[in-house]
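Asker: Chain by chain, the residues:
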Amino acid sequence: MAYELNGTTYEHDEEGYLADINVWNKELAELIAKEENLDMSEEHWEVVNFLRDYYEEYQIAPAIRVLVKAMKKSFGPEKGNNKYLYTLYPYGPAKQACKIAGLPKPTGCV
Amino acid sequence: MEEPDVSQPGVTKKFMYVNRRAPYGTVYALESLEVVLIGAAFDQDVSLAFLDDGVFQIVKGQDTAGIGMKNFSPTYRALGDYEVTKLYVEKESLETRGLSEDDLLEITYEDEDDDWAEKPSIHVVKRDEMTQLMAQQDVILSF
Amino acid sequence: MLHTINKSPFETSTFASCLGHAAAGDAVLLIEDGVYAAIADTEPGKQIKAKNGTVSFYVLGPDVAARGLTNGSLAEGIQVVDYAGFVDLVAEHEVAQAWL
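Which chain is which? The protein sequence lines are A, B and C, in order. Residues are numbered in our numbering as their position in the first sequence, beginning at 1, plus a constant of 50. Residues are numbered in our numbering as their position in the second sequence, beginning at 1, plus a constant of 88. Residues are numbered in our numbering as their position in the third sequence, beginning at 1, plus a constant of 29.
Be a bit skeptical, because a hint or two may be false.
To give a feel for the contact side, a few chain B residues facing chain A, derived at Cβ under 7 Å [stated by the list, open to error]:
hint, residue
1, 122
2, 125
3, 160
4, 163
5, 169
The set of hints was computed from the structure by calculation and includes no laboratory data. Idealized CB from N, CA, C, for every residue including glycine.
Make a model of the complete structure from these sequences and hints.
Answerer: Below you can see the structure in the form of structure tokens.
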């Protein structure tokens, strides 16, 4: 199973998570988002970039409550809450945004 | 992401995860860390103990580029975000291995009850203190 | 003979047993969790220092770096090798024994 973009193949698992985090690029993120029926707005990107930074530092995709708390700290309560994140990513911010960010499925996510 | 149902009012139990293995030779250390992160969703009173070769898990400066394995040591620094804030490291185990607290990762958490002050999560304790800590637990999971 | 050890000396008796069976002129290569034996100022580190000269000691660099140990923290006289050096050691010795 793989994404196809500009003649390059990007392997992913049965749920669409990239096999190799290092091959990720913005165009690929747009493609994954499209498959999730999402249009990437600036706000969507903010979450994706935040997740990538978190992963870079801690080598882990955070659980949703950890993401909410960390977003709250960085961007304030109007963005650091469940409702805001679920509005952007209706099928679960950790799940969808992590997939688009090229990260593995969050640990503890079933 | 589905969170476990924690809506049921329950009794908070004291959980201790005991880590006794070095990080890369076997999968125990990584498995333990994953169980801790998953288990953190259940509001329990969690602590981690590092003794014997387990103290090697949190040695700073790990660089796994040459062995083709993931360096998961940075993840211990995320434990504070998961409200896992008590990491007890056995002094005797460090000394036997030629290590001191200075050789360990800097792991901190922000204390919600103290205006989010940053505090150290690591506490180096003597063996008899570790014994007492173990005696206080409701559940011990050893890796 | 070349001996390789891949277990921590603090967890199993592999290191002690290997050293007890290493003859003069043998080489001992520490790999994986075996590299922990090379830390200076520990019992295994002291044993390496004491036996060095009779037996040559080597440690695999990538395994040292992975575990956050620095070459400077290793027992005196131990030589750090890379994967190519590992291959050379195997080629130089007629018999290799892997202590597991």
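Asker: For each hint, tell me whether it holds in the structure or not.
Answerer: Cross-check of the supplied hints:
Below 7 Å, beta-carbon pairs count as interface contacts, and residue 122 of chain B has one with chain A at about 6 Å; its hint therefore holds. With 7 Å as the threshold, the beta carbon of residue 125 of chain B comes within range of chain A, its nearest partner Cβ sitting at about 5 Å, so the hint holds. For residue 160 of chain B, the interface hint holds, since its Cβ comes within 7 Å of a Cβ in chain A; the closest pair sits about 6 Å apart. Hint on residue 163 of chain B holds. Least Cβ distance to chain A is approximately 5 Å, under the 7 Å limit.
Given hint, residue 169 of chain B at the interface with chain A, holds; its Cβ is 5 Å from that chain's nearest Cβ, closer than 7 Å.
The earlier numbered hints are all upheld by this structure, with none contradicted.
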